[in-house]
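Student: Sequence:
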Amino acid sequence: MARGSTYQSVATGGVASARAAHPIENANVISRLFFAWATPLMAVGNARPLDPSDVWPLQVENQCSIVGRVFEPVYSQKHSILWTMASVFGWDLLWIFIMQVGKVLGSLYGPYVLQQIVLSMESQGGFDATYCFQLIGSLVVVQLVSALLSAHSDLQTQLVVVKVTSALQHLLFQKALRLDATSRRVKSTGEISNLFLSDIPYIVFVSTQGNQILILPVQIVLILWLLYTVIGWSSFVGAAVIVLTMGSNQVVSNVIQACFRTLMTQKDIRMKAINETFTAIQVIKLNAWEEKFAAKLAIERKTELKLVWRSFCLVTVSTALTYLGPTLVTIVSFAAYTLLQHATLPASTLFTALSYFNMLRQPFSLLAMITSNCMQALVSMQRVNEFLELSETNATSGGVLTPATTPKDQLQDYALYNVAVAIENARFGWDADINKPLLNDVNLTIKRGEFVVVHGSVGEGKSSLCAALLGEMHKFQGSIFVGGRVAYYSQQAWIQNMTIRENILFGHPYDRVKYNNVLAA
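Just so we're aligned: 138 in our numbering is position 134 of the sequence shown, and the numbers increase by one with no gaps anywhere.
If you're looking for bench data, these hints aren't it; they were derived computationally from the structure. The structure displayed is predicted, hence computed values, not measured ones. Please note: incorrect hints may appear among the correct ones.
With beta-carbon atoms standing in for the labels, derived distance ranges [what the hints assert, rightly or not]: (1) Gly130 - Ala347: 21 to 27 Å; (2) Arg365 - Ala151: 19 to 25 Å; (3) Tyr514 - Glu390: 39 to 45 Å.
Where is the CB? At the ideal position from N, CA and C, for every residue including glycine.
Based on the provided sequences and hints, a complete structural model is requested.
Tutor: Next up, the structure:
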């Protein structure tokens, strides 16, 4: 528990080196139940700003490499983001669903206690203090359990967010590295960036809040049933208003989904234009074309802003219907109760019914928002699925032989003549169409230790030849052999948004001698 805990940083050196696990892994049941394992870190954060070295290491099952290793093969079988998430994270989501249902049931107990206390005060026999104190005590216990369920469901939800985000980013990064030339022409860099920036957040949202689509209608039905026990069939009049409101909201949600799909397409167009502009920025500056390209980008942005404004207007209509619903339900139900049922409204009935009506506001407001976001998430899933189904480079299309895959007799011949790279009677093309080769009858032999320069005019296939050696072109005939590891620096540099030193190190530890040699080279 927290009393015996001592905080240890994960920074190298000192006592931290002896601690390589997340504290929850060694926490007992009580510590897990009341989050006592987090108290030492909270104490440090309360005393001073936290440093990155203060934060505990990720649990193994939450690390991107582990999550991606589990998620990728399942997607290869199902070819659906939705079903893959259900398969990989289904048990986690089910446990979250159960805890959230328990939290909802606990929230319904409060109005019942209120009704019983007011009825006791209205009764002719006098106020039963013992019974009321028992109700209040049970309410405290129920609220405590509900609070624990809420906290644990929130924690598990955030863990699912981490896992789903890591899995999707891992999947998209791996796919982006394996795209062949045909697919790279289909999807620009800007469109791929949009998948990370715009689509993944919506998919993550539906993975954690999608279960509310099931919980909220059940919660609404339960509240209406409890209302029926209080005000009779007048609650069904309120239910009719709810159905009309939800139907109107569904129509608006469908329009929002169509508008969102158009908006995402326009975002891709704008990002593509921005990427093309930055790619050719030197040419644009040299020819003083800034105003022309700025006007082009402004047109695309203006079109996107019109769609954004339309989306906000539709969301405003949906929100208005959402907040108007509970108010209409209250007015119509009480009107039917007093005018049609000719019943009076005692304090117990009035306060209890108002409590249940107030409880209708949250599920109503959340249902519209979650439904809208789920519609948008389905569009995002479709876009991500389309990207993941694009063709990619593989051993069949590139056909590069290595010492491990080369026939033994042929490998002995290469070793005899000290051959490091060999291309024999090969035809290559960027497209999969065999009738459109780019390089024909290529024969090339490079021995170990040789320094080879490939020269020629622009567009004669120098970069394509290097791409063929990497297996990034389609091989229609012949063979390619590369007898070792390859280091390749292309004309399209891949620069990270980091310092020059961090780009050179590329995640490796700093070695001063090696680093200086790289700078000198």
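Student: Give a verdict on every hint.
Tutor: Do the hints match the structure? See the list:
Between Gly130 and Ala347 the CB atoms are about 25 Å apart, so this pair conforms to the stated range of 21 to 27 Å. The hint said 19 to 25 Å for the Cβ distance between Arg365 and Ala151, and at roughly 21 Å that hint holds. For Tyr514 and Glu390, the hinted distance range of 39 to 45 Å is satisfied, since their beta carbons lie about 41 Å from each other.
In this structure, every one of the numbered hints holds.
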